[in-house]
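> These are the residues of each chain, in order.
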Amino acid sequence: MSQVQSSAGPILTTDGIPLKVSLKKAERKNKIRAFLLVLPLLAFIVITFLIPIGDMLARSIDDRQINTVFPKTFEIYKKWDRKGLPSEEVYKTMFFELKESEGYSIGKASTRMNYSKSGWKSLLKKSKRKFKKIEEGPYKEKMIAVDKKWGDPEYWLALGQMVDPTTMGYYLNAVDLKYDSNKNIVQQKENRRIYNKTWIKTFKVSILVTLFCLLLGYPISYLLATLPMKYSNLLMICVLLPFWTSLLVRTVAWMVMLQQKGVFNNLMVMAGLIADENRWQLMYNQTAVIIVMTQILLPFMVLPLYSVMKTISPTYMRAALNLGASPLHAFYKIYMPNSIPGVSAGCLLVFILAIGYYITPELVGGKDGQMVGNWIAYHLKTTLNWGLCAALGAILLAMMTALYWAYNKIVGIENIKLG
Amino acid sequence: MKKAIKAAFLGLISMAYVGSAIADITFVSWGGAYTNSQQKAYIDTWSKGSGVTVESYNGGLGEIKAQVEAGNVTWDVVDVLPDQAITGCDEGLFAKVDQSSFIKDMVVPPVSDCVVPQIFWAYTAFYSKSAFPGKKPKNIKDFFDVKKFPGKRGIHTWANALIEMALVADGVKAKNVYKVMSTPEGIDRAFAKLDTIKDHVVFWSAGSKPLELVSSGEVVMSLAYNGRIGAAILSEGKDFEYIWDATVLEQEYLVAIKGGNEKEALEFMAHASTAQALADQAKYIPYGPMRKSSIGIIKKGEPWFIKEGGNIDILPHMPTAPKVLKRAVIADPVWWADNGAEVSERFGAWKGN
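Taken in sequence, the protein lines are chains A and B. Residue 101 in this note's numbering sits at position 101 of the first sequence, with consecutive numbering throughout. Residue 208 in this note's numbering sits at position 208 of the second sequence, with consecutive numbering throughout.
Among these hints, one or two may not hold up.
Output of the computed footprint for chain A on chain B, the stretches with three or more beta carbons under 8 Å from beta carbons of chain A [what the hints assert, rightly or not]: (1) 89-98; (2) 108-115; (3) 210-218.
Capping the alpha-carbon separation at 25 Å, the derived lysine-lysine pairs in PhoX-like fashion look like this [claimed, not checked]: (4) A/Lys142 x B/Lys152; (5) B/Lys141 x B/Lys152; (6) A/Lys126 x B/Lys96; (7) B/Lys138 x B/Lys198; (8) A/Lys133 x A/Lys108; (9) A/Lys125 x B/Lys152; (10) A/Lys204 x B/Lys48; (11) A/Lys108 x B/Lys96; (12) B/Lys152 x A/Lys367; (13) B/Lys136 x A/Lys261; (14) A/Lys381 x B/Lys209; (15) A/Lys128 x A/Lys230; (16) B/Lys300 x B/Lys263; (17) B/Lys179 x A/Lys149; (18) A/Lys189 x B/Lys198; (19) A/Lys126 x B/Lys65; (20) B/Lys198 x A/Lys197; (21) B/Lys209 x A/Lys125; (22) A/Lys99 x A/Lys128; (23) B/Lys136 x B/Lys238; (24) B/Lys65 x A/Lys261; (25) B/Lys175 x A/Lys126; (26) B/Lys148 x A/Lys99; (27) A/Lys367 x B/Lys48; (28) B/Lys96 x A/Lys117; (29) B/Lys152 x A/Lys133; (30) B/Lys104 x B/Lys198; (31) A/Lys108 x B/Lys65; (32) A/Lys189 x B/Lys175; (33) B/Lys104 x B/Lys148; (34) B/Lys129 x B/Lys96.
These aren't lab readings, by the way, just hints derived from the structure by calculation. Virtual Cβ for every residue (Gly too), placed ideally from N, Cα, C.
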């Protein structure tokens with residue numbers, strides 16, 4: 001190719017510059033102008049989206065803090081064989097690093113240490129206060145005299161998880177695993193295994209909500225797309241009206257409807273369908289979460305479905321019927337394949353929204369309706385274990401990305417249509 | 001580079017805030033009748049120049065930590081629970097306070113160097129008199145006894161106070177509760193007791209919910225914040241009755257956020273923690289002041305609680321009344337700061353299974 005060009009000589013513009021160069025120059029100007037136009041949006045996305053996500057990912061593996069507070073202790077600790085209690089030297093280094101620490105570093109470190117073994121928090125605080133009076137060794141005995149927790153190997157073994165400046169510990173925690181003192185991965189204590197169950201529950205609820213939304217949304221959208229304008233407009237308002245109502249108002253309204261002494265149960269009892277003492281438990285459990293979330297997310301299914309169905313020409317169906325297909329067969333062969341882009345868009349949208357839901361499970365979830373979002377909120381606010389929050393969030397993000405990728409491979413992302 | 005961008009961005013945001021709120025302080029509390037009582041007792045009477053903006057939050061240190069870490073503090077004075085008062089002070093989120101003026105006057109010593117005293121509030125069991133026409137539940141054992149008193153129970157969605165109450169219901173003396181809780185067997189015992197009512201509970205998380213649950217008959221008895229029960233009885237005339245047994249007393253403090261308008265915040269906190277201010281608060285909500293001399297002021301002034309058509313004696317509704325205190329558990333914030341996360345995860349597992 002290049003040989004051909006060089007033998008023929010480059011095409012020149014009137015002022016003698018090769019056409020290619022001149023074209024590029026003109027294009028570059030346009031490109032810069034286009035780039036400047038999108039620059040505000042790009043900056044906005046970087047600042048509000050990419051940086052926070054990067055920050056979150058960094059937090060989920062960051063374990064430096066503790067190493068900067070007790071650097072020497074950890075240095076010697078690594079040599080300890082993890083049997084019995086550590087040597088006097090470890091105690092002595094810990095003693096001085098704790099006694100001489102300044103500012104709030106101990107407070108922050110103790111919060112971190114408390115995640116791996118409950119009790120470190122008050123132990124460090126109390127010890128720091130009492131160590132002031134201790135002038136000389138033997139430190140091991142004196143520290144144990146201050147608090148007998150210093151003589152409990154469990155506390156020392158727990159430090160083993162934190163020797164490195166980066167950790168996968170938060171991710172392990174998020175799937176009910178943990179490090180032992182030699183950084184081997186082991187199962188979490190049985191009565192603290194909650195996250196795997198929560199993950200499964202979150203997926204189950206999200207999938208069911210998506211499914212119910214599809215089952216309910218498909219016929220509605222079909223009606224919306226095929227009814228004459230004056231009816232379909234009215235129907236559309238019925239779909240949109242709850243969409244414009246506050247999420248909280250709708251959730252609370254469901255509470256009134258579904259609780260045991262609520263409207264629904266009262267009607268059922270009045271109609272004699274259920275006995276007064278056997279009222280259905282429809283609120284404050286997983287059933288409630290699924291019912292309420294389905295209603296709240298329904299418009300996100302109906303709108304993409306409707307906009308796709310609107311574009312399916314009614315003549316297709318008429319043609320199929322004309323050619324002898326039964327209505328069911330025609331629907332299955334003609335209408336459904338045409339509506340798939342809307343179904344995909346709706347399902348993906350509803351599923352993504354559902355999997356991160358927080359406020360509805362919090363309000364109506366009761367004992368078994370809590371989802372991953374609720375645990376993230378708990379650790380974010382109450383235990384300040386932001387590393388674990390970040391890990392849970394990162395796993396959610398990874399799952400969504402994986403889902404998107406799989407979807408793209410199987411169905412193809414170009415098949416998504418919002419209208 | 002990343003840091004620079006972040007700093008520039010946060011700088012821009014904070015400039016926007018500073019511009020709009022010079023010298024004003026933002027007071028953050030829990031909302032509802034409680035904030036209302038604070039408003040009337042010491043915000044309305046605050047006259048030292050700086051205005052006070054009141055905001056509500058749902059507890060926790062999450063927002064505060066985020067503000068301090070980003071260097072963009074928009075909250076100045078926050079009403080916090082004691083375990084958060086400890087953690088926040090240790091981690092440098094709160095400013096230190098001169099406690100010399102009130103430390104000797106406090107019912108219990110302050111939990112950290114960063115706090116000024118507010119009130120005692122309590123988790124209390126209660127029921128509607130109409131739900132039990134015959135025999136009435138008298139103690140926490142009855143709350144955990146679904147055979148003797150059939151029907152649903154309302155409990156909150158977190159573990160605090162439930163562990164303590166379950167142990168007392170299982171026969172542990174109120175004053176030994178934390179000794180038992182500090183052993184793994186003690187926690188097992190509490191959960192075993194909770195198991196006995198598990199199929200009969202309705203969970204709540206918002207403070208107004210238990211009152212609704214009991215009023216509507218959804219549950220026959222429930223745990224709730226004592227102030228909410230008191231307000232319903234005193235102001236709305238509901239037929240609720242307290243079960244003053246194994247009442248779990250919690251403390252409530254004010255703190256100043258580091259990096260906010262600290263000077264104004266500390267001045268305001270001094271004003272908001274005088275014996276008079278705490279006593280005045282009890283005119284509007286039945287919580288127990290943390291200063292001994294406030295109780296004296298109330299005693300002299302009874303009937304203290306303000307109500308149209310005649311004031312009412314407030315001391316019998318307070319969780320710090322002597323007859324209540326005798327059978328109460330004073331929550332140990334240090335234990336919860338240490339073990340809260342672990343017990344909460346276990347409680348979550350218990351709830352979900």
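> If a hint holds in the structure, say so; if it does not, say that too.
Do the hints match the structure? See the list:
no., hint, verdict
1, 89-98, "holds (count 4)"
2, 108-115, "violated (count 0)"
3, 210-218, "holds (count 3)"
4, A/Lys142 x B/Lys152, "violated (52 Å)"
5, B/Lys141 x B/Lys152, "holds (15 Å)"
6, A/Lys126 x B/Lys96, "holds (18 Å)"
7, B/Lys138 x B/Lys198, "holds (21 Å)"
8, A/Lys133 x A/Lys108, "holds (23 Å)"
9, A/Lys125 x B/Lys152, "violated (42 Å)"
10, A/Lys204 x B/Lys48, "violated (56 Å)"
11, A/Lys108 x B/Lys96, "holds (17 Å)"
12, B/Lys152 x A/Lys367, "holds (14 Å)"
13, B/Lys136 x A/Lys261, "holds (22 Å)"
14, A/Lys381 x B/Lys209, "holds (21 Å)"
15, A/Lys128 x A/Lys230, "violated (76 Å)"
16, B/Lys300 x B/Lys263, "violated (34 Å)"
17, B/Lys179 x A/Lys149, "holds (15 Å)"
18, A/Lys189 x B/Lys198, "holds (22 Å)"
19, A/Lys126 x B/Lys65, "holds (23 Å)"
20, B/Lys198 x A/Lys197, "holds (19 Å)"
21, B/Lys209 x A/Lys125, "violated (37 Å)"
22, A/Lys99 x A/Lys128, "holds (6 Å)"
23, B/Lys136 x B/Lys238, "holds (17 Å)"
24, B/Lys65 x A/Lys261, "violated (42 Å)"
25, B/Lys175 x A/Lys126, "holds (22 Å)"
26, B/Lys148 x A/Lys99, "violated (56 Å)"
27, A/Lys367 x B/Lys48, "violated (48 Å)"
28, B/Lys96 x A/Lys117, "violated (28 Å)"
29, B/Lys152 x A/Lys133, "violated (54 Å)"
30, B/Lys104 x B/Lys198, "violated (43 Å)"
31, A/Lys108 x B/Lys65, "holds (12 Å)"
32, A/Lys189 x B/Lys175, "violated (30 Å)"
33, B/Lys104 x B/Lys148, "violated (46 Å)"
34, B/Lys129 x B/Lys96, "violated (47 Å)"
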